[in-house]
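If you read the sequences in order, they're chains A and B. Mapping of the first sequence onto the working numbering: residues 1 to 355, in sequence order. Mapping of the second sequence onto the working numbering: residues 1 to 355, in sequence order.
If you're looking for bench data, these hints aren't it; they were derived computationally from the structure. Note that the coordinates shown come from a computational prediction; the quantities given were computed from them, not determined experimentally. Wrong hints could be hidden among the right ones.
[Stated by the list, open to error] List of simulated lysine to aspartate or glutamate pairs, DMTMM-like, C-alpha gap at most 20 angstroms:
{"hint": "1", "chain 1": "B", "residue 1": "LYS112", "chain 2": "B", "residue 2": "GLU86"}
{"hint": "2", "chain 1": "B", "residue 1": "LYS325", "chain 2": "A", "residue 2": "GLU168"}
{"hint": "3", "chain 1": "B", "residue 1": "LYS325", "chain 2": "B", "residue 2": "GLU23"}
{"hint": "4", "chain 1": "A", "residue 1": "LYS256", "chain 2": "A", "residue 2": "GLU242"}
{"hint": "5", "chain 1": "A", "residue 1": "LYS256", "chain 2": "B", "residue 2": "ASP320"}
{"hint": "6", "chain 1": "A", "residue 1": "LYS112", "chain 2": "A", "residue 2": "ASP244"}
{"hint": "7", "chain 1": "B", "residue 1": "LYS256", "chain 2": "A", "residue 2": "ASP320"}
{"hint": "8", "chain 1": "A", "residue 1": "LYS325", "chain 2": "B", "residue 2": "ASP34"}
{"hint": "9", "chain 1": "A", "residue 1": "LYS325", "chain 2": "A", "residue 2": "ASP305"}
[Unchecked claim] Far from chain A, some chain B residues (derived; all Cβ distances over 12 angstroms):
{"hint": "10", "residue": "ASP53"}
{"hint": "11", "residue": "GLU71"}
{"hint": "12", "residue": "ASP155"}
{"hint": "13", "residue": "ALA187"}
{"hint": "14", "residue": "ALA206"}
{"hint": "15", "residue": "ARG216"}
Ideal Cβ placement from N, Cα and C applies to all residues, glycine included.
Protein chains: 2
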Amino acid sequence: MSEAESPADARTVIMLTSPLEAEHAARISSVFPDRVEVIFRPDLMPALRYRGDHGDPSWRRTPEQERAWHELLRRAEILIDFPQNERLPVLELAPRLRWVQTTSAGVGPLVKRLGLQDADLIVTTASGIHAQPLAEFVFAALLFHGKELGRLQNDQRARQWNRFSGSELAGRTMAIIGPGRIGQEIAGIARAFRMRVVAMGRINDAARAASLGVDRLYGRDELRTMLGEADCLVVCAPQTPETDDLLGAAELASLKPGAVFINIGRGTIVDEDALLAALRNGSIAYAALDVFREEPLPPDSPFWDLPNVLINPHSASTVDTENAKIVDLFLRNLGHYLNGDISQMAPRLDPHRLY
Amino acid sequence: MSEAESPADARTVIMLTSPLEAEHAARISSVFPDRVEVIFRPDLMPALRYRGDHGDPSWRRTPEQERAWHELLRRAEILIDFPQNERLPVLELAPRLRWVQTTSAGVGPLVKRLGLQDADLIVTTASGIHAQPLAEFVFAALLFHGKELGRLQNDQRARQWNRFSGSELAGRTMAIIGPGRIGQEIAGIARAFRMRVVAMGRINDAARAASLGVDRLYGRDELRTMLGEADCLVVCAPQTPETDDLLGAAELASLKPGAVFINIGRGTIVDEDALLAALRNGSIAYAALDVFREEPLPPDSPFWDLPNVLINPHSASTVDTENAKIVDLFLRNLGHYLNGDISQMAPRLDPHRLY
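When you get a sec, could you build the whole thing from the sequences and use the hints?
Quick look at the structure:
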C-alpha cells in the first residue's frame, strides 16, 4: 500500500454503500486525490431523509440499478458501510475488499451474521462518534425526571405558581452497564454533577476503575449488588451474547426503589415485559428508552402510553454533525491505510468480542 | 467569645426567625449544648409548606404572638435569617445581635434596605448552598431544548416513530453572567459536556479565567461582544446596582440567533418586554426563567403561554436537602464564632458589593 507500490493508474477504490451528504463525499475525494478514487452514487442509494441519516433500510434498487451497483462493488477495496440487503456474501460481491469503515458502532452482530468473524478484513467502526450525543440524551432524560420538568409544564399550562422542593442528582449513584467510550463520556459528566458512578466491567480492579473515571467497578457476578446501589441505571452496552437478556425481572427488582432506567444500548439486553411491570408498579420511577427489541416500536406497544416513559426513536445518537465526524475518522484511518500503518487504524472491531 | 469568657449562665443565644424542620433545629442545640441556647418557636412562625421551605412571607403573627416574638428577639445574639415584616430596625429589635446567618444567598438588597451596610454585624449567607440545584436546573432546561424532548413527547403521544437528527451541546458556547459559586458550578458541568464557556466578570485576566474554570472572561464593557459568541446565556448574578437592567433590547439582540436564555439570578437584570419580543420573534429560541420582576408571576403574564418558555416558580434552588446543608454551614460558622475565629466565618456578605 505504500506509494511506491501504488501506480497512478491503480488508485485505491473507495465506495460508499450508504448515502452521505455530497459535501462529505467531496471531502473524501479531495484529501488524497491522486491516490484514491471515490465511488459515490446517490442515484443507487436511498435518499437522505435528514442530516446524519444513513437511508431508509427498506429502500430497494431496480434490477438495472442492482447490476450497476454490483459492478461497482467488484472494484472496491474500501467500503464505507457494509452493503445492505444483499443475497451474496460481501466478499463475493467485493472480492478486492480489504477494509470496511462502518457508520455505526454496534456492528458486531452484523459481522457475525455476514460470517466475517474470521475473514481477513479490517473493520473500523464509528465507536466513539456517538458518545457525546448519547451522553447528552442520558442527562436530558435524567434531569427531565429529576428536576420535575413535567410538573413545571403542567403548572405552567395552568398558570400556577406552585413553589416546591425538588431533588438533586448530586450525591446519587449512577450505575453503568457498558463502560466503553459512551459509558466513559457519561461517567465524566455524572462526576461533574457530583454523582457517584459505578459500572460493571469485565476487568474490575481499582486501576481500571480509575482509568474509566468511575468510583467502583463490579464484575458480572456482582451485577445485582451493583444494581442495589443504583439510583439510576444506564445501559450502554453493545449487543453481544454476553449482554443478551442480561436484565430480567430479578435484576430490575434489585434496583433501588424509584430508580431511573435508561437504555441507549440495545433492546435485547432487557426483558421488556419485566420492565413494563416495574414501570407500572413504580418500582422503576422513570425510563428513557432509545432502543427496543422491535424497531420501529410497534404502534400497539404499551410503552407509548406509560406516563413515566420517554421514548426516543433510536435517534439519541444522531446529530447533524455526525457525518462530518465520521468522515474525519475515516480520513484519519485512510491516511494510516495508505501508509501501510494498519495497526494505527482505530477503532477496530474485535471480531470475536464483537465490539 | 472564648470559653473562659463564657460563664455557664451566659450561653450564647441563637434564635431562628424562619422555620426549619424540627430535626435540623435539634441538631443546632445538640452540637454545643453547654455553650448555646437555641430559641426555636414554630408556634410563632409560618408553617412549612414543603421540605426546604422558609415559610409563607404573607403569614402574620397575632398581636400577642408578636409581643412574645419581640421579647425573644431582645435576647438574641445570633439570628438564623433576618426577621421579616418588622417595622422597627433589626438592631433595635435585637440590641444584642452580633451575627445573622441567612438561609438564602442574595440578601444584599435586604441588608441595604435594612440600613445595615455599615452596621457592626456579621452577615453570613447561604451562598454556595444553591449552586448545585441551580446548575442542575440550567442543564435540565438546556437539554430539554437541545435534545428536543418536547418533540419526543409529541411524537410519543401520537405513537409516531419519527427518526430525526438532533444537535449537541458539545462545541457550543455558554456565556455566564455572574461567575460566582453558582456560575463556577455551571461552568464545570458545561466543560464536562465539552462546551466552550465564557463569562463576564469584574476581573478579567487569564489567571482569573483559569481559576473560575472558564475559557475566557470579558469585562462589563465587552458585554455585547461576549453575547455575540453565546449559543446560550446563563444569568446567575445577584441583584446589585451593577446588574439592574443589565440586559436590554440591544443586549438581547446581540446574542447569536437562536440562542437559549436562562435566568436563575434576579428578574431585575433583564428587560422583560424585550425578552418577550425576542422570544416571540424567535431571535431567542428558548428561555428558562426561575426569576421574574414580579413574583409570583401574575396570572396574566404573557410568559405563561409562550411555547418556548419554561417557567420555574423560583424553586430551582430549592431541594429537599437544603436545610440540612444550611445547618451544616451554620454549625461550621458557629464553631468559629464561639472560638472567636470570626475571620474563618464564610461565606460573608460584603456589605458594599452586596453579595
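Open item on the list: If I take the minimum Cβ distance from B/ASP53 to any residue of chain A, is it greater than 12 angstroms?
Closed with: violated (7 angstroms)
Open item on the list: Would the hint linking A/LYS325 and A/ASP305 be met if the CA-CA limit is 20 angstroms?
Closed with: violated (36 angstroms)
- [ ] May I ask you to check that B/ASP155 keeps its beta-carbon over 12 angstroms from the closest beta-carbon of chain A?
- [x] Non-interface label on B/ASP155 violated, nearest chain A Cβ at 7 angstroms vs cutoff 12 angstroms.
Task: Restraint status (C-alpha distance of A/LYS112 to A/ASP244 at most 20 angstroms) - done: holds (15 angstroms)
TODO: Mind checking the alpha carbons of B/LYS325 and B/GLU23 for me, to see if they're no more than 20 angstroms apart?
DONE: Answer holds: B/LYS325 to B/GLU23 is near 13 angstroms, not above 20 angstroms.
TODO: Could you check that no beta carbon of chain A comes within 12 angstroms of the beta carbon of B/ALA187?
DONE: violated (10 angstroms)
- [ ] Verify the proposed pairing of A/LYS325 with B/ASP34, using a straight-line Cα cut of 20 angstroms.
- [x] Violated: A/LYS325 and B/ASP34 sit about 66 angstroms apart, past 20 angstroms.
TODO: Could you grab the alpha-carbon distance between B/LYS256 and A/ASP320 and see if it respects the 20 angstroms cut-off?
DONE: holds (19 angstroms)
Task: Restraint check for A/LYS256 with A/GLU242, where alpha carbons must lie at most 20 angstroms apart - done: violated (24 angstroms)
Open item on the list: Just to be careful, I want the Cα atoms of B/LYS325 and A/GLU168 compared with a cutoff of 20 angstroms; is the pair within it?
Closed with: Between B/LYS325 and A/GLU168 the Cα gap is close to 13 angstroms, so the pair holds against 20 angstroms.
Open item on the list: Hint check: B/LYS112 vs B/GLU86, CA-CA at most 20 angstroms. Holds or violated?
Closed with: holds (15 angstroms)
Task: Minimum Cβ distance from B/ALA206 to chain A greater than 12 angstroms, as the annotation requires - done: holds (22 angstroms)
In terms of the numbered hints stated before, the structure departs from hints 4, 8, 9, 10, 12 and 13, listed from lowest to highest.
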